[in-house]
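Asker: Next come the chains, spelled out residue by residue.
Protein chains: 2
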Amino acid sequence: MFERIALVGIGLIGSSLARVIRRDGLAGTIAISTRSSSTLDQARELDLGDTYHLDPKDAVANADLVIVSVPVGSSGEVAKAIGPALKPGAILTDVGSTKASVIAQMAPEIPDGVHFIPGHPIAGTERSGPDAGFASLFENRWCILTPQAGADEAAVERLAEFWRRCGSNIDVMDPNHHDMVLAIVSHLPHIIAYNIVGTADDLEAVTKSEVIKYSASGFRDFTRLAASDPTMWRDVCLHNRDAILEMLARFSEDLASLQRAVRWGDGDKLFDLFTRTRAIRRSIIEAGQEVDAPDFGRQVVAHPEKA
Amino acid sequence: MFERIALVGIGLIGSSLARVIRRDGLAGTIAISTRSSSTLDQARELDLGDTYHLDPKDAVANADLVIVSVPVGSSGEVAKAIGPALKPGAILTDVGSTKASVIAQMAPEIPDGVHFIPGHPIAGTERSGPDAGFASLFENRWCILTPQAGADEAAVERLAEFWRRCGSNIDVMDPNHHDMVLAIVSHLPHIIAYNIVGTADDLEAVTKSEVIKYSASGFRDFTRLAASDPTMWRDVCLHNRDAILEMLARFSEDLASLQRAVRWGDGDKLFDLFTRTRAIRRSIIEAGQEVDAPDFGRQVVAHPEKA
Ligand SMILES: NC(=O)c1ccc[n+]([C@@H]2O[C@H](COP(=O)([O-])OP(=O)(O)OC[C@H]3O[C@@H](n4cnc5c(N)ncnc54)[C@H](OP(=O)(O)O)[C@@H]3O)[C@@H](O)[C@H]2O)c1
Ligand SMILES: NC(=O)c1ccc[n+]([C@@H]2O[C@H](COP(=O)([O-])OP(=O)(O)OC[C@H]3O[C@@H](n4cnc5c(N)ncnc54)[C@H](OP(=O)(O)O)[C@@H]3O)[C@@H](O)[C@H]2O)c1
Numbered sequence: 010m011f012e013r014i015a016l017v018g019i020g021l022i023g024s025s026l027a028r029v030i031r032r033d034g035l036a037g038t039i040a041i042s043t044r045s046s047s048t049l050d051q052a053r054e055l056d057l058g059d060t061y062h063l064d065p066k067d068a069v070a071n072a073d074l075v076i077v078s079v080p081v082g083s084s085g086e087v088a089k090a091i092g093p094a095l096k097p098g099a100i101l102t103d104v105g106s107t108k109a110s111v112i113a114q115m116a117p118e119i120p121d122g123v124h125f126i127p128g129h130p131i132a133g134t135e136r137s138g139p140d141a142g143f144a145s146l147f148e149n150r151w152c153i154l155t156p157q158a159g160a161d162e163a164a165v166e167r168l169a170e171f172w173r174r175c176g177s178n179i180d181v182m183d184p185n186h187h188d189m190v191l192a193i194v195s196h197l198p199h200i201i202a203y204n205i206v207g208t209a210d211d212l213e214a215v216t217k218s219e220v221i222k223y224s225a226s227g228f229r230d231f232t233r234l235a236a237s238d239p240t241m242w243r244d245v246c247l248h249n250r251d252a253i254l255e256m257l258a259r260f261s262e263d264l265a266s267l268q269r270a271v272r273w274g275d276g277d278k279l280f281d282l283f284t285r286t287r288a289i290r291r292s293i294i295e296a297g298q299e300v301d302a303p304d305f306g307r308q309v310v311a312h313p314e315k316a
Numbered sequence: 010m011f012e013r014i015a016l017v018g019i020g021l022i023g024s025s026l027a028r029v030i031r032r033d034g035l036a037g038t039i040a041i042s043t044r045s046s047s048t049l050d051q052a053r054e055l056d057l058g059d060t061y062h063l064d065p066k067d068a069v070a071n072a073d074l075v076i077v078s079v080p081v082g083s084s085g086e087v088a089k090a091i092g093p094a095l096k097p098g099a100i101l102t103d104v105g106s107t108k109a110s111v112i113a114q115m116a117p118e119i120p121d122g123v124h125f126i127p128g129h130p131i132a133g134t135e136r137s138g139p140d141a142g143f144a145s146l147f148e149n150r151w152c153i154l155t156p157q158a159g160a161d162e163a164a165v166e167r168l169a170e171f172w173r174r175c176g177s178n179i180d181v182m183d184p185n186h187h188d189m190v191l192a193i194v195s196h197l198p199h200i201i202a203y204n205i206v207g208t209a210d211d212l213e214a215v216t217k218s219e220v221i222k223y224s225a226s227g228f229r230d231f232t233r234l235a236a237s238d239p240t241m242w243r244d245v246c247l248h249n250r251d252a253i254l255e256m257l258a259r260f261s262e263d264l265a266s267l268q269r270a271v272r273w274g275d276g277d278k279l280f281d282l283f284t285r286t287r288a289i290r291r292s293i294i295e296a297g298q299e300v301d302a303p304d305f306g307r308q309v310v311a312h313p314e315k316a
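Chains Y and Z, in that order, give the protein sequences. Counting from 10, one number per residue, gives the positions in the first sequence under this note's numbering. Counting from 10, one number per residue, gives the positions in the second sequence under this note's numbering.
There may be inaccurate statements among the hints.
Any copy will do: because identical chains look the same in the list, a pair fits if it lies in one copy or spans two.
Derived pair list, reagent style DSSO-like, types lysine-lysine, alpha-carbon separation capped at 30 Å [what the hints assert, rightly or not]: (1) K217 to K89; (2) K222 to K66; (3) K89 to K278; (4) K217 to K96; (5) K66 to K96; (6) K66 to K89; (7) K217 to K278.
Just so you know, the hints here were simulated from the structure itself, not pulled from any lab data.
Only chain Y is shown next, with the shape it has when bound in the complex (with noise of 0.2 Å):
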């Protein structure tokens, strides 16, 4: 699909792309850059690329993609960085998992005539570095792009198409959209995962080694959301601050009515709400977004090529 494809970036989400595109032969070239050597190291000992450079210039010169993913707080720096470099009518896109913030670190960096296509896979697993990613990540996924007005159609389309030989769906959204909607479905959870493991690791009264010998009746799910990469949330949180403020005060005013019908013994209440979000979990089912393997971050480290 592409003569060259550059990867700036190389963790789960960089590493996947590069399985997949060398397994399909989506690329004559794979091109590998990421900041540390020892992770440079790591993927040229995993055989993830043709090329390897520490200074991402090298690595995006002369490619017609180049894809960036690295933790969304460092988009900007990124860009600035390798804009000089880029091959006039190269689609430049990125992964990261909020879309606003990203367009406006990284849209003033990018000469004319350059495509730069935001994107978002909607697929991904608690675990980080080259090592985690496999090339069935993107399958039967969603992959969310936000170009911008005026974006080229045909660049946008060939993006698109590499995402759909990836395995996954397209979706073209607004960037302040994908935000609110991202917010609710990913941020709020894993903030909340994070929340709720903290409080349980504060407690006194119980022990650490009970919270984990019982932590099958539910508290475990949350377990492998709060052990999520803490450079990648942090970013998330700090650059989609808004639609996580506006999503968080929310579930507070809805916590602290629920917590009002526990104090009160309002028993219909709770039985209302408890009843009505069954309805979501059915639909999810009825989606097919009930998959067999949902907890696919977990299986993949027992079967790495089946999730």
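Please build the complex by placing chain Z with the ligands on the supplied structure of chain Y, with the hints as guidance.
Answerer: Chain Z with the ligands alone, transformed into the frame defined by chain Y:
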């Protein structure tokens, strides 16, 4: 092990007990009782027992082990109904998710000479009813017993042995401590899951179909808990009120502080929390509680006998 076991309540837990008792020959006779004739008919069609009774008194008469498996809010009513019919020397236990309240409700109704030993198997799924059960539900799970001071040691050991034969490990605990531990490892996670699904359900800016479509990115993990039985969870909230309010207060306090860190861009604070929570996940994995099919509720649907 027992001549006659009476199961009062034949939903997920009761019917799982019936299946393992039958499979492993733990009783000469299994007597089943439930409130409604439709559930009793279901149990009969599933061939879960030997005798079927709408009046629980008929089931418990002559039973040497009686297991009450009904929502915790109905424990008192059931104890009142069966109390006069219990055989001297019989063991009476329950499986309720809260313990202090169940003891307060049931103990006054139990005649002298009957060994009342409350229990709670830490095993379950989000499904309910007699067809949701399966024989291996209790395998490699903990079962907590909360005998009262002065309980007959031989009777406690006999009940413990019964649970071991069902595949469980036994812990003995004070009822109030049980309620505190379960509030953090099970009740709070369920309440939080119900709450976040409710918050998402109320949004106007994000459509329901978007929530469902992108649910794999975190939200989905909460919907399974939030699909649990409304009656059971209403009763848990009403009957473990104090411990739940205590955990909710701590959780909300912590969330307010996290929210403040998001608002003021305190990246170090976020990073510290997100790092600290990883350790708990590691401990769960090290403790072997991170089994391959942790989401056993879901997997049961696909492989009822393997979960
Ligand atoms: N993980 C998920 O579930 C998921 C899902 C969808 C989207 N995303 C998004 O994908 C992006 C990458 O996530 P990931 O999970 O692949 O992360 P990862 O496994 O931690 O890898 C991060 C990569 O970015 C590099 N990097 C880190 N800080 C950098 C900096 N300040 N400047 C330049 N490079 C830097 C790292 O380089 P060194 O190792 O050399 O330092 C590494 O190559 C993030 O924007 C994230 O929001 C993640
Ligand atoms: N589900 C879990 O994950 C789990 C785990 C550990 C412990 N527990 C505890 O186990 C107990 C039973 O839960 P379950 O999941 O088996 O529930 P379930 O599947 O909903 O079954 C409940 C049973 O209790 C009967 N029942 C309901 N209300 C009653 C009432 N007012 N009076 C008399 N009987 C009544 C039902 O009878 P009819 O159908 O005939 O009305 C049914 O036989 C609860 O105390 C729960 O806290 C549950």
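Asker: Would you mind marking each hint as holding or not holding in the structure?
Answerer: Going through the hints against the structure:
{"no.": "1", "hint": "K217 to K89", "in the structure": "neither (46 Å within a copy, 38 Å between copies)"}
{"no.": "2", "hint": "K222 to K66", "in the structure": "neither (50 Å within a copy, 37 Å between copies)"}
{"no.": "3", "hint": "K89 to K278", "in the structure": "between (54 Å within a copy, 28 Å between copies)"}
{"no.": "4", "hint": "K217 to K96", "in the structure": "neither (54 Å within a copy, 41 Å between copies)"}
{"no.": "5", "hint": "K66 to K96", "in the structure": "within (11 Å within a copy, 84 Å between copies)"}
{"no.": "6", "hint": "K66 to K89", "in the structure": "within (10 Å within a copy, 79 Å between copies)"}
{"no.": "7", "hint": "K217 to K278", "in the structure": "between (33 Å within a copy, 22 Å between copies)"}
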